[in-house]
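Student: Protein sequences appear in the order of chains A and B. Residue numbers for the first sequence, in our numbering: 1 to 175. Residue numbers for the second sequence, in our numbering: 1 to 76.
I should point out that these hints are in silico values taken from the structure, not numbers from a laboratory. Heads up, the beta-carbon is just placed ideally off N, CA and C, and yes, glycines get one too. Among the clues, some could well be false.
Where chain B lies over chain A, by a calculated footprint (3+ residues, C-beta under 8 Å) [as the list claims (entries may be wrong)]: (1) 22–32; (2) 120–131; (3) 152–161.
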Amino acid sequence: MELLERFAAGDLEAFEVLFRKHQKDVYAWIARIVRDTGIAEDLTVETFWRIYKHRAGFKPDGNFRAWARRIATNAALDHLRHSRQETTLPENLPSAPRPDGAVGRETRDSIRRAFHELPAKYRLVATLALVEEESYVDIAQAAGISESLVKVRVFRAVRMLRKKLNFLRPEVATK
Amino acid sequence: MSNEEIKIVKELLKQAVTPMQNIELSRDLWPQMLRKLEEQPLPIHNVSWLDWALASLAAAALLFFPGIIPALFYHL
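Work the whole structure out from these sequences, hints included.
Tutor: Here it is in structure tokens:
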């Protein structure tokens with residue numbers, strides 16, 4: 001019996017093989033969304049718990065990675081919904097080098113705050129599309145929505161950010 | 001709102017919320033997974049509360065009105 005068939009039938013050893021194979025990918029995807037490595041670890045375990053729970057619904061000829069990513073996205077989205085007011089963005093995360101001539105610290109804090117205040121579903125697409133530069137196709141597949149809806153949500157997220165950061169208009173205009 | 005404005009907001013956003021690169025999982029999470037499976041065992045079958053309620057009603061009906069059993073067999 002194939003690995004995915006054994007997993008769908010409830011074989012714990014098959015699940016362990018799949019867990020070890022995909023945990024890094026699921027973790028990295030969740031970390032990009034929630035932007036906290038500790039929370040990402042917990043949500044990775046939560047994701048695989050959901051995967052195991054719903055194993056009967058998985059078609060063994062399907063794409064496990066895509067299925068896992070979709071469940072991971074839902075778990076991360078649930079987290080964003082419930083922790084909107086509490087989460088802070090840690091500064092010590094591994095990140096890309098910041099270009100010279102960047103905006104000032106206060107401005108960055110304001111942008112970060114405004115970003116944090118976005119409703120979860122907009123923050124999800126804004127993070128993945130604008131910050132992480134994931135393709136709309138990948139985001140759509142992971143979030144279980146159409147590509148055009150991803151575009152709409154990105155557009156709305158940008159509009160909301162622009163509205164919240166209205167006082168930055170002169171700076172935005174000169175960029 | 002133009003694509004140019006989206007680009008500007010995107011650029012500002014990327015300076016405030018820096019992209020996460022080279023995210024590596026530092027440890028194996030399988031032991032944590034096993035603990036969670038032990039703490040929150042999964043139901044053997046995913047049976048909804050409605051199914052349980054219907055099954056309970058049927059069992060109660062058979063218990064309190066055993067006279068319906070022959071009728072039930074007749075219709076089977």
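Student: Run the structure past the numbered hints and jot down the numbers of the failing ones, going up.
Tutor: Those not satisfied: there are none.
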